[in-house]
Amino acid sequence: MGKIQRKIITVEHLARVEGRGMIEVYREGTNVKAVLRLVEGPRFFEYITRGKPYDVAVDMYSRICAICSASHKLTSVMATERAFGIEVGTLTKLLRKLLVYASFIESHSLHVFLLALPDFLGYPDAISMADKYGTEVTKGLMMKKVANYIQAMVGGREIHQENAIVGGFGKIPSREEMNQAYRQLEEIRDTAKIAIELLASLDMPKYLDGEYNHVALKQTDEFDAFGDVVASTSGVEFPVEKYREYLVEKPVSHSFTKFAYLDGKEFMVGALSRLAVNGETLWGESLKIYKELIDSGKLRFNNAFYNNLAQAIELLYFIDASLEVLRKLLDMPLDNDRVEVKPKAGVGVCITEAPRGIVSYTVEYNDKGEVVFADLVAPTAYNFNTMHRDVQRMAEGILADNPDIDDDEFIRYLEMVPRAYDPCISCSVHLIREA
Amino acid sequence: MEKRELRVGFYPTTSCYGCQLNVLNIEDKLIDIFTEVKIVCFHMATSASKIEESVDVAFIEGAVVTEDDEELVKKVREKAKYVVAMGTCACHGGVQSANIGAGFSLDEAIKTVYGENFQFDMKVMPPRPLDKVIDVDFYLPGCPIEKEEFLYFLATFIWSTWPEQKDFPVCQECRQKGNPCVVIEEGKPCLGPFTTAGCGARCPSLGLPCMGCRGPIKEIQRVDAMAKMMEKNGVDPLEALKRMKVFGGHSDEIIEKFKSLVRGE
Amino acid sequence: MPNNNPLQPKKAVIKKVFKVTPTEKMFVISFVDPKDQEEFERNYTRPARFVQVNLPGIGEVPISLCSPPTQKGFFALTIRRVGRVTTVIHNLNEGDYVWIRGPYGNGFPIDEWKGRDLLFLSAGLGMAPLRSVFLYALDNRWDYGNITLINSARTKRDLLYYEELEAIARTYKGDGVKVIQTVTREEVEGVCKGRCHLYIPQANVDPKNSVVIMCGPPRMYQSIFDEVIARGFDPDYIYATFERRMRCGIGKCGHCNVGSSDSMLYVCKDGPVFSYRQVQRYPELME
Amino acid sequence: MRYLKLRYEDRDRLFEALRKYGEIYGPVKISKKTYDFRKVSRFDDMDLNYVRTISPPKKFVYPPHEVMFEIDREKGKVSIPEEDMGPIVLFGLHHCDIEGLKRLDSVFMGYPADFYYSRRRKHLFIVGYDCKPDEFCACNVTHTSFSTDGFDIFLHPLPDGWLVRVLSERGQALADEIGMEDASTDDFKAFERYQEERRQGFKWDMDAYVLRGVLEMHRHSDVWEELSEECLACGNCNTTCPTCRCYEVRDIPSIDGVHAIQERVWDSCQFEHHALVAGGHNFRPTVADRMKNRYNCKISPAYGTNLSYCVGCGRCTAFCPAGINFWENLQKLSEVSKHAK
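Chains as they are written, first to last, in this note's numbering: chain A, 1 to 435; chain B, 1001 to 1265; chain C, 2001 to 2287; chain D, 3001 to 3341.
Accuracy of the hints is not assured; some may be wrong.
Said to hold, decoys possible - Straight-line C-alpha distance at most 25 Å; calculated DMTMM-like pairs for lysine to aspartate or glutamate:
id : chain 1 : residue 1 : chain 2 : residue 2
1  : C       : K2016     : C       : E2039
2  : A       : K139      : A       : E176
3  : D       : K3005     : D       : D3160
4  : D       : K3075     : B       : D1032
5  : C       : K2269     : D       : E3229
6  : A       : K145      : A       : E186
7  : C       : K2016     : C       : E2038
8  : B       : K1177     : D       : E3083
9  : B       : K1228     : D       : E3229
10 : B       : K1188     : A       : D337
11 : A       : K368      : B       : D1032
As the list claims (entries may be wrong) - Cβ-to-Cβ under 8 Å is the rule here; a few derived chain D residues that face chain C:
id : residue
12 : F3115
13 : E3216
14 : H3274
15 : Y3303
The hints are simulated quantities; they were obtained by calculation from the structure and are not laboratory data. What you are looking at is a predicted structure, and each value in this text was computed from that prediction instead of being measured. The C-beta atom is built at its ideal place from N, Cα and C for all residues, glycine as well.
Full structure from sequences and hints, please.
Written as structure tokens, this is what we have:
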């Protein structure tokens, strides 16, 4: 296409996303080149955590991202426990599940109700949506509030959960708190179904229809955020420890985030990918709804815009999963099974599913328990390559349909693409150099 | 006192967006916030954000790292009556400034993370807190900020005055809650006596040492006294300073003490 | 409303606002409920006591009364815009409400000075409480001998009540009342130059039978004490007001306690006016 | 005062009788080394051989946060919140804590009586309990080692129960209700032995009245720089002190522009703002100034009395994260002044 001269617009600040993103579009009639730039300042976490004691390091890793701070904290904590050869108790494992599920509900309800829905309903933000969609917005906020209550109950606070530490938890929540959490979860359960109906009723732009390679942690018995094997819809599978050989990154000059490749091609992670890989392991009402949406074609895996609907399904599933975990917790003794931590030299690798997709951690410690080497890859970094390709495909698709669309309308459509991925740009900009 | 509509803006630089998210986490008052004041710019929440318009109060989150950050904060300073440094990144440089003045080199950082011969097309600098770039009127510390304190700040501006800043440590709140003292009880390296209050001593109430996420108290930075206290509990001074610097990256006393220790005084 | 809460502020309305200097305004205030005004006047007998001005939801500040007890039906406060609460007060205008409690503090023991000459020494904002004493003395002119007032400030604009004091000087010309106004930071005609110490010799008061009344920044007190004693003024009749942080005004909140271990006193309850002898007894007052 | 005997096995009858008066708060172990007054439902839940709690009984009558006024700007109303405390029983107060409440009374109940403090104070039924000193105790120094008033009944441990000193009328009614017989001479002998063991246990032999002179001598000496070198100015000494009562007033408005509260919160003289006045002048700028001020304030007589504010409970030393010993410093000051030039 050659270098197109006329640059029409730059979106300085991508709205309703986490972190600083920009879109630059060069357009000449129907010739177009769209560049998505992720320019949130780099913070070099792998570099600055070197030499820090393990308990300080995991608290720093939690600061990589606010929305999925629970995933970053727990993944770095579990990687550290693998490096020290520590095995945690069942109460800690259950509480960790509850904490991650609550962070999923909080993150998805934030994205579905506050960040993505305004796009599809033609509003600048959720608050202005309140005139026509008042109940949906307030119910969405209540769901987010309940999820935050659980994150604070288990993790000590809603963002950067201090209570989750290497070896277990500082303080165990009381039975009354858990009973209250259980009641509140039941109250917000129907909001998840409202979100599913709302998103299923909208028709997604077709411009992104195409071929996606979905990657997620492989689940055998039930849909979950933890696992030891990474699987993909292209059939490639590999154990967690080998992620740096299979998922290769190359830096690009226009962004602080890099492109990621699996077998030389871009791939996608996130809610849609989890359903693509493990949809069958859902259970209860969410499995029933999932199957209906697949058969009716309302949910398809060949278009990134369905990620929002996938998140809505996960909302319902993780509410049920949290209720299940709470039932188990409420009929077992609640005395703290926190493990004594004796640091020793070693390397720990751990991948868990964060709301936006798999997050990978490799941390190496010396015998004093200080960080020697760290490699952290966030989901949005894995998605950046595919997102960038989709912005370009969306631009071409729109211009093919109606070439004389005016610039503002054109840009408003393009902005919807990164928002569909629910990007977390602050996480993505601190990647490690090639293996 | 008639109630004029207060114009408020939220502007992010380099950070984890936790402080802005915590504003969105005030679920039961979020709609009041959007109706009681005029939100002029809040990219994370609304695409109807006009960044060039003037505001009464500008909440700026994050440390200044890229040239875009610097340009943004200078532009906001001109157009805002009050600038509030929101969050420990803006107040003290945050976690990303943990090694400033203690062995941080930007080139090595870029080399470690992005590989040998790599050039961005945007200039990158070591992270700085807001008051190293522009004049800051008020400091709202915390990692992330406290919801109640944010509402207090906003309310004082609505009542046409300004907030009182806390100059006392977390210990005050910890003792008021009747928590056992983590330092005396288990000799843990708790930064409570040194960190700005406002969180209700959340971590010591969980039996964990305070890690200082609200940044050091501006006036009394008893760095030597803290180092001595932790030394008595078996934490060697260099490691004590490392812990103090995690959220107190740009405190001159700590950097000086760190340098003197490294020189082996 | 239970009236046995000593900290309960009473509602008052701003009658008039005068711009005294670029940073000070005088507010003429009176209580909304006449009974409160009556009770206030019953308690306010000695000049230069202080009140706590309370803006509910904003904060509370201690301000000296600059109107003498002889003026009934209202009271006046001269407030400098210097902090969180005073800035909001400066935005208030006539008809707005403030909440007041007091009067607190001891005020100047002027009833013990009958028959003596009076020498007023003031600097900067110190003129506000001294205005209350000065006007009280003029309202009972026959009780006192000659009166000299030396008002000083950095610049002419900062001189509190400059015109009012000049007018008083003219009307009381033949009656032994002398007003000297001086500035320290600029040469300007119609006003003297230098600190108030320099003009003590020009005061038409007999040191043997005088009372020295002073108010200003604490750092000036020691030099004035030495100066007046050197000039033969009676050390038992030298009085000054002192400033401390105050949150209650009735000796409960502990901020204004002064003294050392053999005995402590409260500047708000036992002061803020202290005599020279008391300053000798409690040297911490000067620290 | 009546001296009665409570048998060990009758302790629950005492407890049930007290419960009729109100909620019972007693010393409970809340961690390896720390005790605190917490609500208790049975006599045996209490750890009565504690030495000191981390937060003093002042928190019941002078809480860390007390809303003084609720404000409604539209209606122009500044109203006092309803009383939120009913009658309670404070079980197990040692001599020092009872004396501590007496110091607070002298401040808050003196004219003009503090409205908030007095409406809480009248609810207290105080049960004293005897104690053996540890290394931080110094009630012998501050003449507060044996309370003769300020309580309703006072229990002194005996081998087979307690010698009960019954003081207030409420106490007399309670004693009759339980039906305790008079104390026997053996009980008094055992009580005397206990008091003798207490006297042996004291580690510090200074005198508060002498210390007043000692501190007076050190008003301008630079020994305070050295003593305060390790001080973190964190205010733990003030917060845990039974007689510290400085408070700051804070206004918390709400974003609706109409409602606000004016509350008083515990303050500490170790903080920078404690002696700060408008315009920026600070009467106690350095940490050394503030330490000197606290020592003077604690040893000096409470306003209008001759009682030293300090009651010798040792909390400021036991709960100082920097490990600064109040009594050791006073000892050092005494020695320095003995051969001061």
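Do the hints match the structure? See the list:
1. K2016(C) <-> E2039(C): Holds, at about 22 Å.
2. K139(A) <-> E176(A): holds, 24 Å
3. K3005(D) <-> D3160(D): holds, 10 Å
4. K3075(D) <-> D1032(B): holds, 21 Å
5. K2269(C) <-> E3229(D): The hint is violated at about 34 Å.
6. K145(A) <-> E186(A): holds, 13 Å
7. K2016(C) <-> E2038(C): Within the cut-off at roughly 20 Å; holds.
8. K1177(B) <-> E3083(D): Cα-Cα ~21 Å, so holds.
9. K1228(B) <-> E3229(D): holds, 10 Å
10. K1188(B) <-> D337(A): With a Cα-Cα distance of about 20 Å, the restraint between K1188(B) and D337(A) holds, given a limit of 25 Å.
11. K368(A) <-> D1032(B): The given pair, whose Cα atoms are some 50 Å apart, is violated under the 25 Å limit.
12. F3115: holds, 4 Å
13. E3216: OK, holds: E3216(D) within 8 Å of chain C, min 5 Å.
14. H3274: OK, holds: H3274(D) within 8 Å of chain C, min 6 Å.
15. Y3303: holds, 6 Å
The earlier numbered hints that this structure contradicts are 5 and 11.
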